[in-house]
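Engineer: Same order as they appear, the protein sequences are chains L and Z. The opening residue of the first sequence carries number 145 in our numbering; numbering runs sequentially from there. The opening residue of the second sequence carries number 93 in our numbering; numbering runs sequentially from there.
Bear in mind the hints are in silico, worked out from the structure with no lab data behind them. All values derive from a computational prediction rather than experimental measurement. Fair warning: there could be bad hints in the mix.
Stated by the list, open to error - No farther apart than 25 Å at their CA atoms in a straight line, the calculated lysine-lysine pairs in the DSS-like style are these:
no.: 1; chain 1: Z; residue 1: K329; chain 2: L; residue 2: K303
no.: 2; chain 1: L; residue 1: K279; chain 2: Z; residue 2: K106
no.: 3; chain 1: L; residue 1: K305; chain 2: Z; residue 2: K106
no.: 4; chain 1: L; residue 1: K305; chain 2: Z; residue 2: K108
Said to hold, decoys possible - Taking CB as the label site, the calculated pair distances span:
no.: 5; chain 1: Z; residue 1: R107; chain 2: L; residue 2: E280; range: 28 to 34 Å
no.: 6; chain 1: L; residue 1: R343; chain 2: Z; residue 2: I379; range: 48 to 54 Å
no.: 7; chain 1: Z; residue 1: L430; chain 2: L; residue 2: S281; range: 29 to 35 Å
no.: 8; chain 1: L; residue 1: E280; chain 2: Z; residue 2: K108; range: 27 to 33 Å
no.: 9; chain 1: L; residue 1: S281; chain 2: Z; residue 2: A454; range: 40 to 46 Å
no.: 10; chain 1: L; residue 1: R324; chain 2: Z; residue 2: L418; range: 56 to 62 Å
no.: 11; chain 1: L; residue 1: E280; chain 2: Z; residue 2: I379; range: 51 to 57 Å
no.: 12; chain 1: Z; residue 1: T103; chain 2: L; residue 2: V276; range: 41 to 47 Å
no.: 13; chain 1: Z; residue 1: N407; chain 2: L; residue 2: G207; range: 33 to 39 Å
We put the CB at the ideal spot given by N, CA and C, even for glycine.
Take a look at the letters that make up each chain.
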Amino acid sequence: MNTDSNTISRLLDQWDPDPESLSIRVNGLEHFYGNGDARKQVLFDNQLNISPGEIVIMTGPSGSGKTTLLTLIGTLRSVQEGSLRILGTELRGLPASEIVELRKNIGFIFQAHNLFESLTAYQNVRMSCELVRRKESEARPKIEEVLTRLGLGERIHYKPKSLSGGQKQRVAIARGVINRPKLILADEPTAALDAESGREVVTIFKELAAETGCTILIVTHDNRILDVADRIVNMVDGRISSNVMVQRSATICSIIREFPAFSGLTASDLAAVADSMELRRFQAGDPIIRQGEPGTEFFVIAQGKVEIVIDGSTVNSLESGDYFGEVALIKDQPRNATVIAREPTACFVLDKVEFRRIIDASASFEDEVRRALFDRQ
Amino acid sequence: MKTPIAWRNLTHNKRKLLVAVSGVAFAVTLMFQQTGFENALFDSTVEIVKQTDCDIVIFNRARFALSSELRFKKAHLDRASGVKGVEMTTPLYIDNTVALFHAKGFRPRPIRVVGTALDQQVFLAEEIRHQLDLLKQPDSALIDRLSKPEFGYRFDGDQLLGPREGELMGKPIELVGTFRMGRDFAHEGNLIMSDRNFSRYFGYRGLDRLSSGFDPLSLVDLGLIRATDGVSPSSLKEEIIRALPAEVTVMTRAEFVEREIAFWSASTPIGIIFKIGAAMGFVVGIIICYQILATDIADHISELATLKAMGYSDNYFRSLIISESLILSLLGFLPGLLFSLLIFEINAQVTGLIMLMTIPRAALILGLTIVMCLISGLIAMRKLLTADPASLF
Numbered sequence: 145m146n147t148d149s150n151t152i153s154r155l156l157d158q159w160d161p162d163p164e165s166l167s168i169r170v171n172g173l174e175h176f177y178g179n180g181d182a183r184k185q186v187l188f189d190n191q192l193n194i195s196p197g198e199i200v201i202m203t204g205p206s207g208s209g210k211t212t213l214l215t216l217i218g219t220l221r222s223v224q225e226g227s228l229r230i231l232g233t234e235l236r237g238l239p240a241s242e243i244v245e246l247r248k249n250i251g252f253i254f255q256a257h258n259l260f261e262s263l264t265a266y267q268n269v270r271m272s273c274e275l276v277r278r279k280e281s282e283a284r285p286k287i288e289e290v291l292t293r294l295g296l297g298e299r300i301h302y303k304p305k306s307l308s309g310g311q312k313q314r315v316a317i318a319r320g321v322i323n324r325p326k327l328i329l330a331d332e333p334t335a336a337l338d339a340e341s342g343r344e345v346v347t348i349f350k351e352l353a354a355e356t357g358c359t360i361l362i363v364t365h366d367n368r369i370l371d372v373a374d375r376i377v378n379m380v381d382g383r384i385s386s387n388v389m390v391q392r393s394a395t396i397c398s399i400i401r402e403f404p405a406f407s408g409l410t411a412s413d414l415a416a417v418a419d420s421m422e423l424r425r426f427q428a429g430d431p432i433i434r435q436g437e438p439g440t441e442f443f444v445i446a447q448g449k450v451e452i453v454i455d456g457s458t459v460n461s462l463e464s465g466d467y468f469g470e471v472a473l474i475k476d477q478p479r480n481a482t483v484i485a486r487e488p489t490a491c492f493v494l495d496k497v498e499f500r501r502i503i504d505a506s507a508s509f510e511d512e513v514r515r516a517l518f519d520r521q
Numbered sequence: 093m094k095t096p097i098a099w100r101n102l103t104h105n106k107r108k109l110l111v112a113v114s115g116v117a118f119a120v121t122l123m124f125q126q127t128g129f130e131n132a133l134f135d136s137t138v139e140i141v142k143q144t145d146c147d148i149v150i151f152n153r154a155r156f157a158l159s160s161e162l163r164f165k166k167a168h169l170d171r172a173s174g175v176k177g178v179e180m181t182t183p184l185y186i187d188n189t190v191a192l193f194h195a196k197g198f199r200p201r202p203i204r205v206v207g208t209a210l211d212q213q214v215f216l217a218e219e220i221r222h223q224l225d226l227l228k229q230p231d232s233a234l235i236d237r238l239s240k241p242e243f244g245y246r247f248d249g250d251q252l253l254g255p256r257e258g259e260l261m262g263k264p265i266e267l268v269g270t271f272r273m274g275r276d277f278a279h280e281g282n283l284i285m286s287d288r289n290f291s292r293y294f295g296y297r298g299l300d301r302l303s304s305g306f307d308p309l310s311l312v313d314l315g316l317i318r319a320t321d322g323v324s325p326s327s328l329k330e331e332i333i334r335a336l337p338a339e340v341t342v343m344t345r346a347e348f349v350e351r352e353i354a355f356w357s358a359s360t361p362i363g364i365i366f367k368i369g370a371a372m373g374f375v376v377g378i379i380i381c382y383q384i385l386a387t388d389i390a391d392h393i394s395e396l397a398t399l400k401a402m403g404y405s406d407n408y409f410r411s412l413i414i415s416e417s418l419i420l421s422l423l424g425f426l427p428g429l430l431f432s433l434l435i436f437e438i439n440a441q442v443t444g445l446i447m448l449m450t451i452p453r454a455a456l457i458l459g460l461t462i463v464m465c466l467i468s469g470l471i472a473m474r475k476l477l478t479a480d481p482a483s484l485f
């Protein structure tokens with residue numbers, strides 16, 4: 145994992161995004177199917193904030209409610225309880241006409257391709273363009289470009305009957321992305337594709353997210369594409385059981401693994417530690433810990449510079465990647481020094497209980513961290 | 093730019109398209125047949141009046157239809173000829189209940205015999221006008237080529253094939269020529285002859301209590317009156333009504349035709365029967381068309397739901413289904429029309445009825461076909477609007 149200062153500062157900038165700028169903001173969302181005695185709750189008090197440009201992979205066993213959540217976010221079901229804001233618009237109680245308008249900003253990619261057999265690949269994609277009343281002269285090169293990039297350059301004017309399953313799926317993807325929607329919702333988009341096509345699709349997703357800042361939410365069980373995820377959300381029994389920003393988690397891991405006591409942790413344990421760490425910010429001159437106080441937390445500096453002061457005299461200075469506060473926790477003693485921020489500083493903080501739980505050791509990082517997060521259900 | 097999905101979906105599968113078009117064409121043909129027969133009934137019945145060149149018709153007030161045999165005194169017609177604005181009057185003698193025609197080797201059959209004064213050109217058809225001179229010959233008549241073949245005559249074009257002799261009312265008659273008028277539901281065939289000959293065959297008419305001096309021609313079936321140029325038939329009609337006693341009814345030709353059709357349409361069950369037949373065709377058409385549209389929607393429900401998820405509005409789907417309905421109605425109407433024309437031709441030949449396909453009648457059926465498909469579309473629309481994109485996941 146590359147933990148250069150740019151990565152870290154971007155990570156810190158995005159730590160607490162402005163709630164108004166979020167693409168998806170789920171708050172206390174609950175959902176029920178059926179009526180009366182047959183009424184069954186499928187979503188329980190869900191919270192989820194997703195920023196523009198994020199690629200989110202959502203996973204979970206069948207029946208866990210992830211599809212319900214996806215259809216709610218896609219405006220295909222009406223919100224019953226709680227709040228759901230998409231692209232700045234509250235969906236709860238939104239009139240049908242506005243929902244239809246909002247859908248034009250969402251690109252759907254379904255597990256089944258759902259292409260019109262009577263239309264060519266080109267015409268199927270054009271159905272999307274017509275929705276935003278784009279001129280044919282303007283749409284044609286875009287459609288051709290997208291289809292070509294998806295490896296269908298030779299088959300632009302073929303009907304679905306003459307295309308393979310993977311090719312049909314790629315046409316459906318082209319249809320979903322052609323209008324550069326602000327939000328793309330994909331249900332197992334790569335399930336029907338070979339590794340190469342799947343990779344191409346994922347690359348297109350990544351580029352779209354980077355170029356247009358669109359948010360992409362993918363429900364998938366395909367672990368070949370996990371590397372594109374900025375965030376992995378697991379759902380179990382109608383609840384989001386874990387919601388991890390992979391980049392953030394990996395960055396924290398790469399910092400904290402420098403600490404000897406953590407160096408032997410397995411990737412999944414390390415990820416669990418990273419997950420439970422909290423970011424705390426300090427202004428220049430703020431005391432972070434004071435000599436003589438009981439030690440309750442462990443600190444890793446993400447950004448900035450601190451000074452260690454013992455009995456009034458500065459003995460050392462620490463910076464990004466360094467850690468402090470561990471001695472009091474390990475020895476169960478009061479703080480042996482005061483630490484003061486010298487410039488605006490951000491630290492990842494782990495509490496004592498969590499710190500003490502850490503025991504064993506292991507190696508290898510990013511992939512295992514991802515896999516561990518993905519499998520944690 | 094707009095992708096014609098309605099057209100593409102309907103025409104994509106050629107076999108399904110053929111079935112759909114045949115279904116609609118079947119309903120169209122059914123409606124054409126029923127309305128065609130109904131119109132044939134009316135057209136054929138009034139054909140005799142339509143073939144005459146007159147503006148006003150007078151007849152016995154009690155004559156409720158052409159086929160009833162209530163007559164009026166010729167004296168009334170003569171009086172009408174004195175009314176200002178009358179260019180010409182001529183009597184038409186019609187006999188159909190007692191007239192029996194007998195060709196050698198065939199069974200005698202009732203026939204309608206029309207007697208006309210030879211000094212007046214009252215018929216519009218050129219071929220009748222040219223042959224009036226032939227009718228001066230005693231015991232002669234022209235025969236309608238559309239008369240039932242059972243009378244015993246065959247025709248080649250306007251030529252009578254085979255022997256020209258026959259018997260009318262037990263007396264010999266020679267068929268000196270042919271004309272074209274057509275059968276209707278009450279008459280199997282027609283003869284035209286001079287009033288003089290008519291009086292010889294139908295002398296019994298002189299025995300009627302109304303007739304004067306045993307003159308069979310003193311009682312007239314229809315009195316035909318032509319107005320001088322520039323005189324409007326409706327105002328002349330008022331003049332004649334004033335001049336004649338109340339026992340005769342005076343009508344313009346159009347009124348007479350209308351009254352005759354109204355009689356058959358309203359006072360007999362025949363009009364109703366055909367209307368019910370046409371309505372059946374309409375209902376069958378709605379069912380067929382609904383099946384086609386509903387199947388088409390069901391076949392494409394995922395794709396349509398995807399369009400819905402993409403942000404296509406309900407109005408788009410409404411116009412989609414209406415387009416499909418219109419396409420179906422037009423695609424089905426054309427073959428239905430062509431097939432009906434063929435069947436009309438066969439019907440006309442077999443029955444001798446006048447099967448007319450006029451533009452207003454075709455337009456009426458086209459209108460009915462469009463309404464039929466639109467109703468089906470509206471019923472099928474509910475199915476489409478309930479398509480739930482959430483079910484796609």
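Engineer: Decide, hint by hint, whether the structure agrees.
Structural biologist: Evaluated hints:
Our distance criterion of 25 Å between C-alpha atoms is broken by Z:K329 and L:K303, whose separation comes to about 72 Å. A threshold of 25 Å between alpha carbons decides the hint, and for L:K279 with Z:K106 the separation of about 31 Å lies outside it, so the pair is violated. This hinted pair checks out: L:K305 and Z:K106 have alpha carbons roughly 15 Å apart, not beyond 25 Å. Distance check on the hinted pair: L:K305 and Z:K108 sit about 17 Å apart at the alpha-carbon level, within 25 Å; holds.
The given range of 28 to 34 Å is respected by Z:R107 and L:E280, whose C-beta atoms sit roughly 32 Å from each other. At roughly 52 Å, the beta-carbon separation of L:R343 and Z:I379 lies within the given 48 to 54 Å, and the hint holds. Checked against the hint of 29 to 35 Å, the C-beta distance between Z:L430 and L:S281 comes to roughly 41 Å, which is inconsistent with it. Checked against the given bound of 27 to 33 Å, the beta carbons of L:E280 and Z:K108, roughly 29 Å apart, stay inside it.
Between L:S281 and Z:A454 the beta carbon distance is about 42 Å. The supplied range of 40 to 46 Å therefore holds. For L:R324 and Z:L418, the hinted distance range of 56 to 62 Å is not satisfied, since their beta carbons lie about 35 Å from each other. For L:E280 and Z:I379, the hinted distance range of 51 to 57 Å is not satisfied, since their beta carbons lie about 40 Å from each other. Between Z:T103 and L:V276 the Cβ separation comes to about 27 Å, which falls outside the hinted range of 41 to 47 Å.
In this structure, Z:N407 and L:G207 meet the distance hint of 33 to 39 Å, their C-beta atoms being roughly 36 Å apart.
Checked against the numbered hints given earlier, this structure breaks hints 1, 2, 7, 10, 11, 12; the rest are met.
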